[in-house]
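Just so you know, the protein sequences line up as chains A and B, in that order. Using the working numbering, count along the first sequence one by one with no gaps and you end on 138. Using the working numbering, count along the second sequence one by one with no gaps and you end on 353.
Worth flagging that the hints you see were computed from the coordinates, not collected in a lab. Quick reminder that beta carbons are idealized off the backbone N, C-alpha and C, glycines included. Hints may be right or wrong, so weigh each one.
Here are a few chain A residues that face chain B, going by a calculated C-beta distance under 10 Å [to be verified]: (1) R10; (2) E14; (3) P22; (4) V30; (5) R31; (6) V40; (7) A49; (8) A52.
From chain A, some residues computed to sit far from chain B (all C-beta separations above 12 Å) [stated by the list, open to error]: (9) K82; (10) F85; (11) V87; (12) A88; (13) L91; (14) A92; (15) Q94; (16) V95; (17) L98; (18) L103; (19) V104; (20) L115; (21) L116; (22) N120; (23) R122; (24) Q134.
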Amino acid sequence: MPVPTSAVVRALGEDVVLEPLPGAPDLTDVRDALERLAPVELAPGDVRAALAVVAEHATLNPYAALTSRHPAIARLKLVTRKLTFFVAHSLAVQVTDLAHALLVAGAATADRLELLEEENARLRHDLDELRRRQGTTS
Amino acid sequence: MSGPAIHQLVPSFVPGDAIGSHVRRVRRLLQDAGIESRTFVSAAHPDLKNECEPYRRASVKADDVLLYHLSCSDSMAGWLLSQPQRLLVDYHNITEPRWFDRWAPLAAHDMRLARLQMGTLASRTEAAVAHSRFSAQELEAHGYNNVEVAPLLFALPAGVDRTDRPVPERGARWLFVGRLAPNKCQQAIIGALAAARRGPDPDATLTLVGGRTIGPFADELQRLAGELGVAAAVRFADHVPDAELEAAYRDADVFVCLSRHEGFGAPVIEAMARGVPVVALRAAAVPETAGDAALVLDDDDPAVVAAAVCHLATHSDLVAGLRRAGLERAAQHAPGRAGPALLRQLLDLAGGG
Chain A
1 MPVPTSAVVR ALGEDVVLEP LPGAPDLTDV RDALERLAPV ELAPGDVRAA
51 LAVVAEHATL NPYAALTSRH PAIARLKLVT RKLTFFVAHS LAVQVTDLAH
101 ALLVAGAATA DRLELLEEEN ARLRHDLDEL RRRQGTTS
Chain B
1 MSGPAIHQLV PSFVPGDAIG SHVRRVRRLL QDAGIESRTF VSAAHPDLKN
51 ECEPYRRASV KADDVLLYHL SCSDSMAGWL LSQPQRLLVD YHNITEPRWF
101 DRWAPLAAHD MRLARLQMGT LASRTEAAVA HSRFSAQELE AHGYNNVEVA
151 PLLFALPAGV DRTDRPVPER GARWLFVGRL APNKCQQAII GALAAARRGP
201 DPDATLTLVG GRTIGPFADE LQRLAGELGV AAAVRFADHV PDAELEAAYR
251 DADVFVCLSR HEGFGAPVIE AMARGVPVVA LRAAAVPETA GDAALVLDDD
301 DPAVVAAAVC HLATHSDLVA GLRRAGLERA AQHAPGRAGP ALLRQLLDLA
351 GGG
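The following block holds chain B by itself, in its conformation from the complex (with noise of 0.2 Å):
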């Protein structure tokens, strides 16, 4: 296969971050297929210099295309401005500010930039993929034209089916992984926890995966378990490698996501794929990413949520339907499906020009 070089270019190039991992698996789809491609960076972690070249630096050709990584603000999208060659954009979706005025004022400010460049940038780009309806919608409402959806591409294992196993009446062993950030709603789950823990499942315990990368909000957190008498039972793992991640999705009876905002929410495909059934809100991306094969809630009051979580361990029939669409919905995102699909759409959107 040949055509017009696809390079790409991402503002911070991380190993073991969602979108460092999609980037480096779309240059390897590309390259497999036979496109040149090379990825243009602002700033990358050390283990990934060899990777890619600095933006500013880069030589490419006129008929070549880009194709920009949007998460964060960055110079990288002025510079883009200025370009000759065709621009295509994957969205990877900017949190709403308004989650982190309170906590983090610079992050916040930071994403309103980012806003204002998603703008700027919508009358230079030909044509965009999102991760998810949601963001598509937001690629639009910002002026964007050509829009698709997409598959994010990331580490999956081979499915693990755990239909046999049960939720335990008493001390079901809750889960999320997701950084603390306000977004992610994690006081939402120790407040679920703590309801719980005061009505059918006093030994319910919560672990939360996730780096403190707002450090204010996390300590709230850990002040809320202590107020609501639950910090025993609340584990704050932080980042983990992924063998302790792999554990966290093996010892867990359920995942309880109850996020306001999330551009997909791989955690909940990648629980799926562990045979985890997930409650979650029906908030931002996750209900669409999460389709029938979770518990879906309206409503995150306490109450509503140990509820959920306490009818999953009376109910072993659907638990064992939850884990088996689980399967399937995480088999739609292996990266031996979602990698040609994406290549495919990719290929059509450089090829349109």
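Excised from the complex, chain A in its bound form (with noise of 0.2 Å):
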């Protein structure tokens, strides 16, 4: 990205002359910064920026916010925060073992239906072999 030096802009109706910032200081660093926060162009079909969009949200952050302009009311949230985290705790711990046994099952699923297919080809094979047996001897 081009430094700029100094800019032309208007005011009052006329031109100002920007001049460039004394002792040029690096910025590389706070435009890097700057273009991490840009926002994310999803045009449709475009499986790459949707995935970046649920990448930005798929981190769950349980801890509901407790800034108030109401001290009394800050505090309110962090005592509720506080007396219902064991029960949402466990809750999440219960939801996650109960994803990961939903997908230990989907996978043993999917395991014993590739058996029951390969059996069954492989009975389909038996019988197709009997079959031509049959119309050799017969």
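Put the two chains together into one complex; each comes in its own frame, and the hints tell you how they fit.
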């Protein structure tokens, strides 16, 4: 990205020439950081961009914001969070375990189906062989 | 004065909100002019319940005129398609969804739906007003005819003359007012502040007034300030009461607006009314709102924005000129002038059927 050294802008209907910043500070890190916050351009069918949006929201934060303009409300939120944390945590662990169990069950079912398909193919093959033999002997 | 009743329809009726404030002022203008006007809503803040009625129970005469305030998606738009009354639209602008795709996908979805509804209502709408040429062009692009630019009504104090107050060379206090939202690009202001502090003004500070409506984006802004080493110099003031907002304007040396999408940009005018010089980016409706009364940049690179603010610190004559021009600009938007102008336009449009 070219580093602007000076710029001409408008004010009060006239051109104003801006001088470069004194000392020409290195702003590479600033520009890089700002680039990271740029919007994701979602074109139709752009799966990569859609996945980037999913990734942005894939990390769930179980901690609701505690800030409030009223200190009493902020403290109340904190107490409520502490009181409910163990319930929420326990629930989250159970949901995670359930999801894991479903994955294991899904994988086992898929394995079983593959075995059945293999067995089915083997039996069909044997049947065809028997039919062929019967045809040649009769 | 008499004529058909002009009833307003607004999806969300909230006090302190720019649209809510505009709607209440429009109703007062209409009623003062002897025009019957009621307000129909989808949802309303409890404080405003006695000022409005649910739109689904609205009973209005066939020759009444409906004025729909369009800014978001709502079932009201579908309902309007089946109503026999003449329809006017007051367009408050819908932010481009791409700004929200990354931070708030559901909000982005709502904006896409709102833009679809905007297109659907075009053929049903007799005339429309928008609050900037930028917004008017969006309406026209969606098939609207008979579109006029009309003033937005909002509270403005009597002009505060601070013509003699320079922008300090060290310790300038930057200000921006607007909810923390991706289209308002507060990150660019933070980046520019970092540039200024590494250059000629190591003591510059920034106050960002505005609610944390998009949590992940607000968190990222705070992270950015820390990463660039300016966390202690940036104050995230959240949504503040009027008195605190007034103090923020009073204390500010410069108002920096680098928004990429604004349908009007009321805080720019609010800053001008308080005698605060404005540095703004040429984007969306901001340049037409600011006119010549601001230092208008074509680039939001941190070096350019920092150079612009530092230029003000060394050119007191330019600052005085901007403050004077800003006061004149703000005076054009004062309710006393903007109200009657808007009323005339509405009555012309409503009477044209």
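Cross-check of the supplied hints:
no. : hint : result
1   : R10  : holds (5 Å)
2   : E14  : holds (8 Å)
3   : P22  : holds (5 Å)
4   : V30  : holds (5 Å)
5   : R31  : holds (7 Å)
6   : V40  : holds (4 Å)
7   : A49  : holds (8 Å)
8   : A52  : holds (8 Å)
9   : K82  : holds (21 Å)
10  : F85  : holds (19 Å)
11  : V87  : holds (23 Å)
12  : A88  : holds (18 Å)
13  : L91  : holds (22 Å)
14  : A92  : holds (19 Å)
15  : Q94  : holds (26 Å)
16  : V95  : holds (22 Å)
17  : L98  : holds (26 Å)
18  : L103 : holds (25 Å)
19  : V104 : holds (31 Å)
20  : L115 : holds (41 Å)
21  : L116 : holds (41 Å)
22  : N120 : holds (44 Å)
23  : R122 : holds (49 Å)
24  : Q134 : holds (64 Å)
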